[in-house]
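Visitor: Using the sequences plus the hints, can you model the full thing?
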Amino acid sequence: ETGVTQSPTHLIKTRGQQVTLRCSSQSGHNTVSWYQQALGQGPQFIFQYYREEENGRGNFPPRFSGLQFPNYSSELNVNALELDDSALYLCASSLGGVTNTEAFFGQGTRLTVV
Amino acid sequence: AQSVAQPEDQVNVAEGNPLTVKCTYSVSGNPYLFWYVQYPNRGLQFLLKYITGDNLVKGSYGFEAEFNKSQTSFHLKKPSALVSDSALYFCAVRGFSGSARQLTFGSGTQLTVLP
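Taken in order, these protein sequences are the chains called W and D.
According to the numbering used here, the first sequence holds residues 1402 to 1515 in order.
According to the numbering used here, the second sequence holds residues 290 to 404 in order.
Hint data in this document are derived by calculation from the structure and do not stem from the laboratory.
Yeah, the Cβ is synthetic: ideal placement off N, Cα and C, and Gly gets one too.
Do not rely on the hints blindly, as some may be mistaken.
Covered stretches of chain D (in silico footprint by chain W; criterion: 3 or more residues with CB under 8 Å from a CB of chain W, positions within the stretch not fixed) [stated by the list, open to error]:
# : stretch
1 : 323–332
2 : 392–404
Among the chain D residues that face chain W by a calculated CB cut under 7 Å, a handful are [stated by the list, open to error]:
# : residue
3 : F335
4 : K347
5 : F379
Residues from chain W shown here face chain D by an in silico Cβ test under 7 Å; the list is partial [said to hold, decoys possible]:
#  : residue
6  : G1443
7  : P1444
8  : F1446
9  : G1457
10 : L1491
11 : E1503
12 : F1506
13 : G1507
14 : Q1508
15 : G1509
Guide: See below:
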């Protein structure tokens, strides 16, 4: 196990609702990244937080937002859910500022939008 | 923009035979390259990385990968496949600065090892 934990593991929401996903990073890691993995595809980068600041963002609309807390845990918020938001959401923690280190992933949150 | 291509959606190999999962990349500057494995309904597990140095990198569970700069490839290999190696494999690249420091993944290759 990586030490990165995500909650909840599964979630079902209705189109138009809002959702919050949570991630606890591995001890000693100050950077958290979020990825969306649609069925049959590779993970797509949503955004990254480093020391509580957003430090990069992928091609996702503003209704995808996040937070990082002083203990380096993080939240991903998605507003106005759409059916296409159904996916596995992965959180990864790493040591920021050191680009040659690997990222460690949580088990993911499976979001289903109906 | 950086990118990764995994040209094979599916690779089948008999148990005990060598396996290769292919990956090519595109990135500005020197690449940082990674392989991850994903089992059903699970997150990604780190296998190995290339940062610099020896072109042959050894990782977890007997896997290794060969970095070839001229061919911009980073193929994953294992000398003798096990049924338990059956899983989804992702190659990823990370650039050196700015937004390129994020991981960019390929589309994945489903490896099936047949008993």
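Visitor: For each hint, tell me whether it holds in the structure or not.
Guide: So, going through the hints one by one against the coordinates:
| no. | hint | verdict |
| --- | --- | --- |
| 1 | 323–332 | holds (count 5) |
| 2 | 392–404 | holds (count 6) |
| 3 | F335 | holds (5 Å) |
| 4 | K347 | violated (14 Å) |
| 5 | F379 | holds (6 Å) |
| 6 | G1443 | holds (4 Å) |
| 7 | P1444 | holds (5 Å) |
| 8 | F1446 | holds (5 Å) |
| 9 | G1457 | holds (5 Å) |
| 10 | L1491 | holds (6 Å) |
| 11 | E1503 | holds (5 Å) |
| 12 | F1506 | holds (4 Å) |
| 13 | G1507 | holds (5 Å) |
| 14 | Q1508 | holds (5 Å) |
| 15 | G1509 | holds (5 Å) |
The structure shown violates just one earlier hint, number 4.
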